[in-house]
Each structure stands twice: as structure tokens, then as C-alpha cells.
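If you want the building blocks of each chain, they are given just below.
2 protein chains.
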Amino acid sequence: MIKLSKFPFKTEKVAPKISDNKSTSLLLQAGLIRQTMAGVYTYTTLWLKILKKIEKIVREEMDKYWAFEILMPALSPKEVWDKTWRWDSIDVFFHVPATNNKEYGLNSTHEEIVTPLMKEFVQSYKDLPTCVYQIQNKFRNEKRAKSWILRWREFLMKDAYSFHASDEDFVNYYEWMKKVYMKIFERIWLLDDTVIALADGWTFTDKYSHEFQVKLSIWEDTIYICKNCGTAHNEEIIDKEKFKCINCWWINAEVVSASEIWNIFPLETKFTKAFDVKYLDENGKQQIPIMGCYGIWVSRAMWIVAEKFATDKWISWPENIAPADYYIVVLWDNLKKAEELAKKIEDNWKEVILDDRMGKKFGFGTKMKDAELLGIPHIVIISDKTIEKWWYELDGELISF
Amino acid sequence: MIKLSKFPFKTEKVAPKISDNKSTSLLLQAGLIRQTMAGVYTYTTLWLKILKKIEKIVREEMDKYWAFEILMPALSPKEVWDKTWRWDSIDVFFHVPATNNKEYGLNSTHEEIVTPLMKEFVQSYKDLPTCVYQIQNKFRNEKRAKSWILRWREFLMKDAYSFHASDEDFVNYYEWMKKVYMKIFERIWLLDDTVIALADGWTFTDKYSHEFQVKLSIWEDTIYICKNCGTAHNEEIIDKEKFKCINCWWINAEVVSASEIWNIFPLETKFTKAFDVKYLDENGKQQIPIMGCYGIWVSRAMWIVAEKFATDKWISWPENIAPADYYIVVLWDNLKKAEELAKKIEDNWKEVILDDRMGKKFGFGTKMKDAELLGIPHIVIISDKTIEKWWYELDGELISF
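Chains W and S, in that order, are what the protein sequence lines are.
Heads up: the first sequence is residues 1 to 401, going by the numbering used here.
Heads up: the second sequence is residues 1 to 401, going by the numbering used here.
Hint data in this document are derived by calculation from the structure and do not stem from the laboratory.
Keep in mind that this is a model prediction, so the values were computed, not measured.
One or more hints might be untrue.
[Claimed, not checked] With the C-beta cut set under 7 Å, the calculated list includes, among others, these residues of chain S facing chain W:
1) T36
2) E69
3) M72
4) I90
5) T130
[What the hints assert, rightly or not] Just so you have them, the derived chain S footprint on chain W, three or more residues with Cβ under 8 Å:
6) 69–78
7) 124–135
[To be verified] To be clear about the criterion: a stretch of chain S counts as covered by chain W if any three or more of its residues have a C-beta under 8 Å from a C-beta of chain W, and this derived list gives those stretches:
8) 112–120
9) 242–252
Quick reminder that beta carbons are idealized off the backbone N, C-alpha and C, glycines included.
Hey, can you work out the whole structure from these sequences and the hints?
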């Protein structure tokens with residue numbers, strides 16, 4: 001239970017003006033986030049609660065399909081990046097000078113850490129397929145942090161890495177992971193607005209990668225959706241002057257702006273070769289495993305959920321990721337009764353924000369405004385009027401205690 | 001449920017030799033950890049489960065006393081460190097070169113981030129006292145990572161920061177936090193071996209700080225415990241040639257080796273002054289809040305628990321932080337029955353490792369050895385012998401299904 005009388009992160013009367021999106025100014029007004037520097041944020045208590053709920057959804061869906069959670073570090077030795085020539089080729093990679101004339105990497109991705117790790121555990125065809133994932137911060141030395149939502153310098157990512165004995169097995173897993181991702185999207189309420197777009201392979205692969213793009217008014221990417229077969233293309237892989245669908249060669253496309261949250265890459269044997277990962281197949285012959293990687297920008301996904309459910313005045317959090325389930329507005333001298341009710345709600349595994357702030361400044365209007373600004377799904381009002389009839393008000397209806 | 005037939009992190013037959021402590025070689029043998037570079041580790045699935053359980057204990061005890069969890073970033077702008085002159089004075093501080101000729105800090109502590117954050121929310125005496133905490137990685141540019149357990153370059157810390165209107169209020173809170181810490185120590189089984197030692201204030205304060213030192217054969221600190229009054233002193237604050245107790249002036253001390261896991265510092269107004277934090281007191285006069293900070297090295301604490309409960313052959317995890325509650329050894333063709341039992345155990349909110357590995361290599365001896373190496377509190381055996389009587393064996397006793 002959070003009692004607002006003791007809670008430090010107070011709301012502001014007026015939303016600060018942020019030009020390029022609706023949610024950020026509401027999040028600032030509600031005291032949920034603060035900027036530490038451009039592209040780097042501090043999360044206060046309620047924002048962190050939402051993050052943990054989204055993390056939990058991601059974990060549950062990944063764990064279901066035998067992906068095992070691990071935790072790799074943020075720092076890494078230069079030597080592993082030298083093996084794949086990515087120390088200098090990843091343009092946003094932070095190089096950290098250290099004692100003894102060393103330099104460490106501050107990881108923007110983790111292939112160079114996970115591959116030598118799994119080399120030790122993948123030795124036989126019986127060890128395949130296998131998949132590990134982590135929820136860990138990533139760092140990017142961005143030239144310019146863009147708006148409040150895009151191009152962060154530090155953000156939380158779920159990244160998974162799978163290892164396979166055959167191309168066929170990899171392709172099955174890759175297609176299957178798209179379904180896992182769609183399920184995660186569904187649970188965080190982004191499914192309706194998502195398209196899977198073909199995109200460039202970046203430093204990972206020469207093949208196409210797949211991006212999960214959420215259609216949004218704040219965007220970084222432009223997506224061309226084929227009007228014939230529906231295949232979506234990141235503009236980076238097409239000729240913008242003369243669109244031609246990669247799948248069906250149709251020449252008309254719908255153009256939408258979108259924001260990338262998830263991406264998945266076929267890595268083939270790029271990393272397993274670089275780190276000399278080998279397994280013995282059924283005939284006792286050495287083979288090189290095939291890899292895939294699967295990312296979710298957890299902290300960006302959260303912000304995009306906020307943007308999607310933002311009105312001009314509040315963010316209506318969906319029940320399963322809201323920072324609390326109930327907001328109890330306590331008026332006058334009815335705190336004891338309110339605490340009893342809060343306790344009862346908590347006994348049913350629901351979370352409560354108890355607005356027990358007292359004094360002239362905290363009348364009905366102020367408390368209701370904060371309840372709405374925070375966007376908690378259910379609002380309870382307990383006042384002399386409701387109490388005298390042994391009632392409380394829940395979402396506008398009178399209910400007996 | 002973790003099924004070992006699908007689990008990548010296999011145990012090794014022989015423990016690798018690590019010279020300076022018992023636990024590390026067992027953790028490596030059990031596949032729980034791997035070194036990414038000196039002082040920087042990767043946690044595999046089961047180690048991460050232990051970490052999450054310890055985190056949960058820390059959270060529960062902190063939340064009870066109205067400390068609010070937040071999450072500050074790992075990166076910070078140089079400007080905030082310039083205000084306290086600590087950019088150069090913290091010798092282990094990583095400076096990260098960034099685009100546009102900037103440098104960021106890779107935080108080894110968070111006073112310079114939390115103080116400007118709370119400046120905005122601490123405005124009146126009514127906002128005090130208040131306390132926020134986070135569980136976040138810290139980074140230290142150590143010259144030499146010492147053993148496997150000490151002087152890490154990246155580790156997880158719980159750090160809390162409290163703000164007060166008076167010295168008296170601060171002192172009460174500080175003493176009270178010692179009790180919260182002792183409660184946490186109790187729940188992670190380190191209470192018996194802990195002393196609270198007076199120590200140097202480092203770059204934080206001219207007063208003494210307090211360290212929670214666990215007596216241990218692998219250590220970094222030497223503690224002098226007064227034989228008269230029991231006051232513990234870190235050797236850094238005494239004259240080692242001529243010990244004199246700071247409390248009672250006695251001259252005889254017991255000397256013990258110990259490892260620091262927790263420390264708490266009175267920060268007085270050092271940081272609130274630097275960031276010009278002010279609040280209005282009851283008379284409408286501007287005052288400067290007093291701060292305290294309270295750290296727990298979560299990842300070190302976890303390792304020290306491992307060391308404490310390590311025998312030569314396994315680590316006996318206490319029930320509340322073990323990576324699983326039950327380890328089911330399945331022999332011969334009894335997997336279905338074992339899965340039913342595992343399901344039943346999980347329905348009671350307990351966690352299961354199901355050793356369903358089949359084939360010649362995975363006989364009774366191999367499975368029992370792994371069960372013991374992993375140190376899971378309860379071992380269940382299901383074999384033809386037990387099944388024919390509708391029994392299974394739990395911790396050596398036969399129990400009917």
C-alpha cells in the first residue's frame with residue numbers, strides 16, 4: 001500500500017510542455033519520471049512498478065518456451081569484440097578507459113558475451129536447440145537523444161540468443177519466437193498497432209532482420225506496407241522512389257510512421273564461427289551451431305504503452321500493468337475505515353494507493369485530479385456522506401462495506 | 001519447473017581449483033557463475049534465482065519502513081559531479097568518453113543523482129523525513145580485482161538515501177536503519193557472523209561511518225573488537241601499534257578478518273548544500289535538509305552466503321534463498337509420475353528442479369551427485385522400487401503418493 005501522505009513523488013498542478021508527444025508531459029506531471037540527462041532517465045516508484053509488471057510478462061512468456069534467464073554484465077573486455085571486428089564498427093559503442101591502460105566495452109548488445117559463455121555448454125547435438133535470455137541495461141553513445149522517447153543512451157532490453165543444429169530448426173524457432181512476441185504484445189496491449197517489418201541486418205547479418213514496429217505519431221521509422229500482400233518493409237531496404245514489394249513485387253504501398261520496439265535477427269554462424277563454437281553431431285562430426293537473437297526494448301515498450309493510452313489529461317493504464325489497481329480518495333475523518341478497506345483489497349492480491357493526505361489543500365477536487373492523472377483503473381471514494389450509509393463509492397457506484 | 005533435460009547449464013565432474021575460497025570453485029562446478037573478465041561475472045539461471053530472492057528480502061524490509069524504491073541510471077552527466085568535486089576525487093570512478101566531446105560518469109555511487117532529484121520534491125518540513133532506495137549496478141575502476149569475491153568492477157547494490165529536518169530525526173532514522181539491516185541479515189542467514197564496525201567516512205563525511213562486516217576467512221578488512229566494551233573498529237581508523245578503543249579507551253582488542261557487505265554514512269549537509277536543496281520549516285524559514293545513505297552490496301552478500309554454507313562438496317542453501325525447494329531424481333521409466341508430483345509441489349508455491357535426463361550416463365549416482373552439488377534443500381527420488389509400492393522417497397523417507 002502506498003500512502004500518499006508519506007509518498008515523496010508529488011504531482012504537479014500543470015503539465016510541463018513537451019513538444020513532440022503527449023505521454024512525456026503527463027509522466028512528468030504525475031512525478032513518474034525525471035530526466036537525469038538527455039536520453040537517460042530516473043524512474044520513480046510508480047513507473048518502476050509498471051516496468052516490473054512488463055518485465056514479469058516478458059519473463060513468463062519466455063520461460064514458457066524453455067528459454068532460460070541469465071544475467072550478463074554491462075562491462076566486457078575489448079578482446080571479445082576484437083574477434084568479431086565490432087569494437088570499432090558499432091558506431092554507438094561506448095569504450096570505457098580503465099586502469100592498467102585497458103579499455104572495456106559498455107555493452108550495447110551481448111553476442112560477444114553470450115557466445116563464449118555458451119561455447120562451454122553447447123558440445124553435442126543433444127545440447128541443441130537451446131536459448132538463453134536476460135533483462136539487462138544497454139548503453140548507446142548516441143550523438144543526439146531524440147525527443148524523450150527515442151534514441152536513449154541507457155535503456156532496458158530483453159535480449160535472447162538461441163543456438164541450433166540445423167537451418168530448419170532455426171527457422172522453426174525463429175517463426176515461433178514471432179508468436180511468443182505477439183503474445184507479449186497482446187498482454188501489454190500493443191498487438192493492434194503492430195506490424196512485423198522486414199529490415200536491414202545491421203552488423204548482425206546479410207539477411208533481412210524482422211522489426212516489430214508499433215504505428216505511432218512519434219516515430220523514428222517509416223514503414224512501407226504492400227497494398228497487395230501486406231508485407232511491411234522498413235524504408236531502409238527499399239527504393240523509395242520506386243517501391244517494389246520484396247514478397248510479391250507489387251508497386252503500391254501504404255506508408256506509415258512507426259516506432260521499433262522489438263527486433264529479431266538470424267545470426268547464422270557469424271558469432272559461433274568467430275568464437276570457434278563447435279558441437280558433435282549424431283555421426284560424431286564437428287559442426288558449427290546456427291544462432292538467432294531476439295530483442296525487446298522493454299523501457300521503450302513501456303513508454304509506447306503510455307503514449308498509446310494517453311489522453312490530454314491522463315494515462316489510462318490497462319489493469320494488468322497499472323501502477324496500482326485501486327486509488328482510495330479519503331475525505332474527512334474516515335482514514336480508519338479506508339485503511340480497513342485497503343487491507344481487504346490487498347488481501348485479494350490487488351495493489352492500493354491510499355490518498356490519506358489531510359489539510360485544506362487536499363480537498364475532493366485535488367484528490368480526484370491526482371487519481372485521474374495517475375490513471376489508476378479503479379477509484380474508491382470514502383467520505384462522511386458515503387460512510388453514514390455504510391457505503392463507499394467504487395467507480396461511481398455506491399457499494400456497502 | 002526446470003527440466004534438466006532441456007537445461008543448458010550443466011555441472012562439471014570435478015571442481016576447478018580456486019585458491020582463495022571454497023564457494024567459487026563449487027559455484028563454477030555447479031555451472032551457476034562464469035567470469036566474463038576479472039571482477040565481472042555472468043550469472044546463470046540458478047544463481048539469478050538466488051539473487052532475486054535476496055533482492056526480494058531487501059525490498060520487503062525496506063518497503064516496510066516507508067522507503068520508496070526508484071531506479072536511477074548507471075550513466076550521469078559530469079556537471080553533477082563537478083558540484084561536489086568528486087569527479088576526480090573518487091579514485092575508482094569510470095569516466096566514459098561520449099560524442100560531442102562529452103564525458104559521462106559510470107556511477108560508483110548515486111548521491112550526485114539522487115540529491116538533485118529529491119531537491120524538487122523536498123520543499124517543506126512536511127515532506128520530511130523521506131527515504132528512497134534503488135537496487136542498481138555500480139561500477140568501479142579497480143586496479144586489481146581481488147580473488148573472485150572482492151573488488152568487483154561491476155556489482156549490484158541496494159543504496160538508500162534519507163532526508164531529515166533535524167539531526168535528532170536523522171540519528172533516530174540512522175539507528176533504526178541499523179535494525180532494518182540486522183533484520184535483512186537475519187533473513188539471509190548472516191546475522192551470527194556480523195559486527196558493526198566504526199570506519200572512515202571516505203569521501204562522504206568527516207564523521208565515522210558504520211560498516212556491517214561479516215567475519216570470514218576470505219576478507220578485505222581487519223577489524224579490532226574492544227575486549228572491554230565490544231566496540232568494533234576498522235583498522236583504518238585506529239593506531240595499529242597502540243590500539244585505544246574509541247568508545248571506552250580500553251587498550252586490548254580481538255583482531256578478526258572480515259568482509260564488508262553493508263555500510264551506512266551520515267552525510268550531514270554535504271550534498272544538500274552542494275545542490276542547494278532547501279525546505280521551509282514550520283516558521284517559514286529556509287533550512288538545509290540532513291542526509292544519510294545506506295548501502296548493501298547485494299551481489300557480494302549473496303556470494304558470502306554461499307561461502308558460509310559451503311562444505312568441501314556442495315553449498316547447502318537455506319530454504320528461503322535456495323535456487324529451488326525440491327530436486328526430483330527420476331529413475332527409469334517414471335517420468336509421468338514425477339511430473340505429476342512436480343506439478344503438485346508447484347501448486348503449493350514451491351519450486352522444482354526435475355532431473356529427467358535419461359540414458360546410460362544419467363544413473364542414480366550421477367543424479368544424486370548433482371542434486372547434492374546444487375545444494376537444493378529437499379531431494380525426492382522416484383524409481384521403479386518406490387513406484388511399485390506407490391511411494392516416493394523424500395529426504396530419505398518413503399512417502400505414499
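Checked hints:
no. : hint    : result
1   : T36     : holds (5 Å)
2   : E69     : holds (6 Å)
3   : M72     : holds (5 Å)
4   : I90     : violated (13 Å)
5   : T130    : holds (5 Å)
6   : 69–78   : holds (count 9)
7   : 124–135 : holds (count 3)
8   : 112–120 : holds (count 4)
9   : 242–252 : violated (count 0)
When held up to the earlier numbered hints, the structure conflicts with 4, 9 and fits the remainder.
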